[in-house]
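Bring the two chains, given one by one in their own frames, into a single complex with the hints.
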Amino acid sequence: MKRTLILTSALVAIAATAQAQDKQVNLLSWGGAYGRSHVEAYVKPFEQQTGIKVQVSDADNPATPVKAQVEAGNVTIDVASVEYADAVRLCDEGLLEEFDPSILLPTADGTSAEDDFIEGAITECFVGTDVYSMILAYDDSKFPDAKPAGAADFFDTAKFPGKRTMRKGAKFNLEFALMADGVAADQVYEVLGTPEGVDQAFAKLETIKNDVIWWEAGAQPPQLLADGEVTMAFAFNGRIFNAAQQEGKPFNIVWDGQIYEMEGWVVPKGAPNPEAAKEFIAFSTAPEQQARAAEFISYGPPRTSAAALVGNIEGTDVPMGPNLPTYAANLENALASNLDFWVDHDAELQERFNAWLAN
Amino acid sequence: MANALDPHAAIVTKAGGLDRQGTLRTADGRPLKAALARSSRRARRRAFFLVLPLLLFVLITFVLPIGQMLQRSVKNDGFSANMPQLTAWFHDNPRGTQPDDAAWAALAADLAAAAQARTIGVVGTRINYDMPGTRSLFTSAGRKARGGIDPPYRQAILDMDETWGDPKLWSVMRMAASPYTANFYLAAVDRTRDDQGQITAVPEQQQIYVKLFMRTFWLSLAITATTFLLGFPVAHLLATLPMRQSNLLMILVLLPFWTSLLVRTTSWIVLLQQQGVVNDMLVWLGLIGNGQRLQMIFNQTGTIIAMTHILLPFMILPLYSVMRTINPSYVRAARSLGATSWTAFRRIYFPQTLPGLGAGALLVFILAVGYYITPALVGGASGQLISNMIAMHMTQTLNWSMAAALAALLLAGVLILYWVYDRLVGIDNLKLG
Numbered sequence: 001m002k003r004t005l006i007l008t009s010a011l012v013a014i015a016a017t018a019q020a021q022d023k024q025v026n027l028l029s030w031g032g033a034y035g036r037s038h039v040e041a042y043v044k045p046f047e048q049q050t051g052i053k054v055q056v057s058d059a060d061n062p063a064t065p066v067k068a069q070v071e072a073g074n075v076t077i078d079v080a081s082v083e084y085a086d087a088v089r090l091c092d093e094g095l096l097e098e099f100d101p102s103i104l105l106p107t108a109d110g111t112s113a114e115d116d117f118i119e120g121a122i123t124e125c126f127v128g129t130d131v132y133s134m135i136l137a138y139d140d141s142k143f144p145d146a147k148p149a150g151a152a153d154f155f156d157t158a159k160f161p162g163k164r165t166m167r168k169g170a171k172f173n174l175e176f177a178l179m180a181d182g183v184a185a186d187q188v189y190e191v192l193g194t195p196e197g198v199d200q201a202f203a204k205l206e207t208i209k210n211d212v213i214w215w216e217a218g219a220q221p222p223q224l225l226a227d228g229e230v231t232m233a234f235a236f237n238g239r240i241f242n243a244a245q246q247e248g249k250p251f252n253i254v255w256d257g258q259i260y261e262m263e264g265w266v267v268p269k270g271a272p273n274p275e276a277a278k279e280f281i282a283f284s285t286a287p288e289q290q291a292r293a294a295e296f297i298s299y300g301p302p303r304t305s306a307a308a309l310v311g312n313i314e315g316t317d318v319p320m321g322p323n324l325p326t327y328a329a330n331l332e333n334a335l336a337s338n339l340d341f342w343v344d345h346d347a348e349l350q351e352r353f354n355a356w357l358a359n
Numbered sequence: 001m002a003n004a005l006d007p008h009a010a011i012v013t014k015a016g017g018l019d020r021q022g023t024l025r026t027a028d029g030r031p032l033k034a035a036l037a038r039s040s041r042r043a044r045r046r047a048f049f050l051v052l053p054l055l056l057f058v059l060i061t062f063v064l065p066i067g068q069m070l071q072r073s074v075k076n077d078g079f080s081a082n083m084p085q086l087t088a089w090f091h092d093n094p095r096g097t098q099p100d101d102a103a104w105a106a107l108a109a110d111l112a113a114a115a116q117a118r119t120i121g122v123v124g125t126r127i128n129y130d131m132p133g134t135r136s137l138f139t140s141a142g143r144k145a146r147g148g149i150d151p152p153y154r155q156a157i158l159d160m161d162e163t164w165g166d167p168k169l170w171s172v173m174r175m176a177a178s179p180y181t182a183n184f185y186l187a188a189v190d191r192t193r194d195d196q197g198q199i200t201a202v203p204e205q206q207q208i209y210v211k212l213f214m215r216t217f218w219l220s221l222a223i224t225a226t227t228f229l230l231g232f233p234v235a236h237l238l239a240t241l242p243m244r245q246s247n248l249l250m251i252l253v254l255l256p257f258w259t260s261l262l263v264r265t266t267s268w269i270v271l272l273q274q275q276g277v278v279n280d281m282l283v284w285l286g287l288i289g290n291g292q293r294l295q296m297i298f299n300q301t302g303t304i305i306a307m308t309h310i311l312l313p314f315m316i317l318p319l320y321s322v323m324r325t326i327n328p329s330y331v332r333a334a335r336s337l338g339a340t341s342w343t344a345f346r347r348i349y350f351p352q353t354l355p356g357l358g359a360g361a362l363l364v365f366i367l368a369v370g371y372y373i374t375p376a377l378v379g380g381a382s383g384q385l386i387s388n389m390i391a392m393h394m395t396q397t398l399n400w401s402m403a404a405a406l407a408a409l410l411l412a413g414v415l416i417l418y419w420v421y422d423r424l425v426g427i428d429n430l431k432l433g
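These protein sequences, in sequence, are chains P and D. For what it's worth, my numbering labels the leading residue of the first sequence as 1, then goes sequentially. For what it's worth, my numbering labels the leading residue of the second sequence as 1, then goes sequentially.
Hints listed in this document are in silico derivations from the structure and should not be mistaken for laboratory results. Just so you know, not all the hints are guaranteed correct.
Derived lysine-lysine pairs resembling DSS-like cross-links, with alpha carbons at most 30 Å apart [to be verified]: (1) D:K144 with P:K278; (2) P:K67 with D:K144; (3) P:K278 with P:K44; (4) P:K67 with P:K44.
In this text, all values refer to a predicted model and were calculated from it rather than measured experimentally.
Isolated chain D (complex conformation) (with noise of 0.2 Å):
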């Protein structure tokens, strides 16, 4: 520590000083070190206070809703917090017990409660994600049980429907009895439960999102390569070009940018439908015959061409901003030790633009993933993304666990893909500009 010949302690000492223990203080007698760090605190709060409203804004719009999206996909209780005393047999008897006259009565007082309450149709929803066509069964029970059941219990619910005494319902309805469910996760690998609740492969005619997932992250994967490949030399030209030049490329560049996605996206169809403006002039020049008109939209080229054209800007600004940086001497430098051109680009030019093109191929490949509107108009059949499923959940079949599910694997797939870049490539070595 400082001793006596120190000049600054000499200054130290006469404002504060240093004590017996050789602690140094500050004027008020306090230690510095407690001084520094509470003013230090104070500066750190002041700043914390400042994007507190950004913090809580985001909380509130982001956070929340997508966490409460994602509880969506394991929790679902629409069975067993209205059909309570069934759901506490199925508590209190294991997997394999014969439905006994204990069941029956619960299931009938349950059936009359839901139906009293108007939840028998939650009901009815949530054993038909796991038994397709058993809504209206819990519907019409509900109707017939409005003003409950006279036992026998199980006769009576029998003689409304057979389906009562399938095993398989009472199976779908034990798992239901938990809130909590990876049904709609299995549901989203194209799984579901046998009647014994073993874990098998849906039929083949109803296996699609494993496929769509697939499909998604290739065609994300090609749409990223595309926009490469196109953006990298619109981007090296408008980073070389003098400014006047490459000011107004540059406005080529936004001006789709800013115009409405689906103004762009209606464009393309008006531009490759068969009867469409690029077949028109193959007709007229000749290229092909009238009748052999290319199908060039509704299909997987249409997505490509389409969404390559919408995220091209996404690639080709980071990929600008980071090449404006690169002192065009090195390249100089590069070819006048004798290296050709192609050599120079190379090992020289391309490696010094990986920032921007790491930015670039992640920004494409993330909004990629999730887009939506796009290939639902131009996708036709072929096409069609994973989005496009978790939308129909959404809006068509109000199934929001499965929405729920679907976007949770597709935020997981897009996590682990960012794991591995930052593995790969490094984090570190994004840049925005």
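Just chain P, same shape as in the assembly (with noise of 0.2 Å):
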């Protein structure tokens, strides 16, 4: 009688880890202030209400290791986060499950979640999750008197003195000339897309070339604000904000002349738990979550509808809305990236952007 239930308890036990070793979800995110949103806003209400346990483990850029576990044949992940450019040309390849929109939840009111979404956050194999934005940013200690104001300031070295820093790259870059040099926000992929317009945008970048620091990670910009090596900083939002909020610094976001693009979640093909991985994906880009995320780093809800749901900077009673890349007014003046554009003349102009450098 003993050893039987010694027997089935075992039995049992074994069961219930299968089912939870079923039950589990291997996410893949940046690491960084931006993972522990991820961690803080989804991860741990989900196991909460789920009990489905979620491994989150890091990658610099996690489309790299996606590309290589589906072109090895042994895919560890189940969710990724990756930049919406790198999802377009995954999914292209057939590297991504494709994607079903109807299991994304409608809002409280029953907009559909497609409706609730903006513009292209959702494709055949990838929903958004937030959207963050290149901004001009400056030490305002260092401009006393008048203000920078948008794009054509930053490249004005006679008005506004100093050095500049820059992503090393030639995506955000070419688009920030042409609008420095006065193209519209509207028009700035048309131009690009032209060679004449290219050598515009090169000759503009040429302007500064000799007042510029090239940034590569993204801590890189506040850093150099912070130790005055630049005065004006073209750097990623969330990082800007991250040094003004916590450390105090009395760095200024511009929001004229911003161009944002969205990171979300991509299901590698193969994946080990796609039912567990649909559960989370559901989840995490309902608006109370997506809202939530928004309060720890500065990237903005994709759903509109979680735009009003967004409090408090976490820890602070300041509210998180205006620093978001998609609150109203800041949208004013702002550019889409287009990631058509990119997929296609990544390589060309990242080629030329680098002889360019190099000579």
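So, in structure tokens, the structure goes:
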């Protein structure tokens, strides 16, 4: 009798472990403050509510391991956070599971998810989790009188002296240069699609080439600003926000001319736990969770209904809303990064940019 | 062979002995030669089994991945594997054939099939490498073609986009129809193929790789030279000081060696930047004005300084271990025979340090050629090395074939230098300790 009991409980235990193992999500994120927002706003509440374990790991760019794993046929990732451009590319190469938008939760008032998400946030393989942007930031203490107000001022070293820092890459910089040269935001990609437009952008960059320190890691621009090495930066808004908010640095963000882009979830082809992955995606893209994530890092929720739900910056009583790229006033002269353009021209323009830089 | 008078032969005869043909035999009657070979074979096999785990480890973690990576540099079947009908048409029709109805039909069928199988992006990516701007041509055609394309195919496809009629596109597709290609190597030396398939230089504003290869080798040489100039006296001091002091000094050499690479690189930024410690000091001393702060980082100077510091132990340690074995009486003898201290150093001491110098120089140079994180952080625009381009193609553009081609050229460059070194100095002369 006793023996049977032990045997039964052992079997039950094995079955329970098997079940628990079955119900697991392996999430690949970016680490840092951004990864923390995933853990705090998505992972912890999800585990609490569903009992499904989420195993979080980090990568410099999760798209690289996704490509490597699917091509090698040894997939351990269920959900990965990738940039929109990489999602498009991986999806076209057939490396991602197709995404069924019907799993997304509607809003409280019954608006369907597809109507609630901003345009382009749901694609065949991708659903957006947040909107981040490249913005002009400056050190307020360096410009006591006139303050920089837009892209043109970034390129005006006579009026606003000091070095600049820009990302070492063609993307964002070429668009920004054209906007500084007077091209309207909605014309940027049309102009950049022509050889003359590319020349124009490089010519504009050339005007400040000797005044630019090129950054590679996202942590560099706030550091360079803090050290007084540069007076203006063209950088990711989240990094600048964190330095200003948490370390009290006198950094101001100019939203005029911001270039925004999305990040979101993808499921690699052959993911081991596709069902649990779906549950996780549905849960984490609900408006409440999206709004919660925005309280940890100043990346805006791609669901319009989530904007009103965003509360105060975590740990303070300052509202987060106006610090988000998706805040209505911040979107006035904003440019949505055109992924189709970059997927086509990335390699070509990147090579030209590198050659331009090296000469 | 042994004769009857040989005392040893007598002993052998007792144990196994000579047979009638005069062959030496062991006690159990087998030829001695075979028995010896057998036992030494067994010993060799045992030794081989001992190193087998290591061999397998090296094979699995080193040779196979590198081989696979190198294969990528010449093989990319993104087009040929996913567009079978058009690939077959290219095989059947020689270069110069105008695309006929069969070609357009094959293209239509392949587009529809690839769109269905979600491989159209792979096809587009492959063509985009050789003809920028065509990736979306394929993906958008794929979206439209998912339900199939109705004849007449030529008109239907040209209606989607005029570019489909571009002879350059057809020329590029023809090249891509073979899974093996040298185009990535061409691109890695700033060459491309024109519409006729002739090799030409890429537009000047796009030329970069040859320049970066030269810069990489030149900078690595400069770094090797500076590590030598700085490391030689230190190694000499270490080797000649009494044990107590030299141990202390050794710790000073090794301490940075054990510190994280990123910490050391970032420290150099703190020291050398325009608002950094060194510039502050110079301004405070009045050597330069506040407006003339020196740009010592985010350029080649920064790369050389930071990399010299990081690679210095690789020069000092082999030099030190060789110098310690040099007998000081040689130099004393030279001096007592009338050599000046310079001559004694030049003719007696220095030649004896060459094996260590060779090892150190080779180590530093080869490490420097492949360095990536330090130039990325402190190199700015002018301090970029070829490894930064490889990293870019690996992680940003995801064009792994291009990264593999660049890496293969770098590897070949290093191997050639290694060969030259072997010819000039001799690899047997290398001494790490």
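Each hint, compared with the structure:
Restraint check for K144 (chain D) and K278 (chain P): satisfied, since their Cα atoms lie roughly 29 Å apart, inside the 30 Å limit. The straight-line distance between the Cα atoms of K67 (chain P) and K144 (chain D) is roughly 26 Å, inside the 30 Å bound, and the hint therefore holds. Our distance criterion of 30 Å between C-alpha atoms is met by K278 (chain P) and K44 (chain P), whose separation comes to about 16 Å. For the suggested pair K67 (chain P) and K44 (chain P), the alpha carbons sit about 27 Å apart, so the restraint of at most 30 Å is met.
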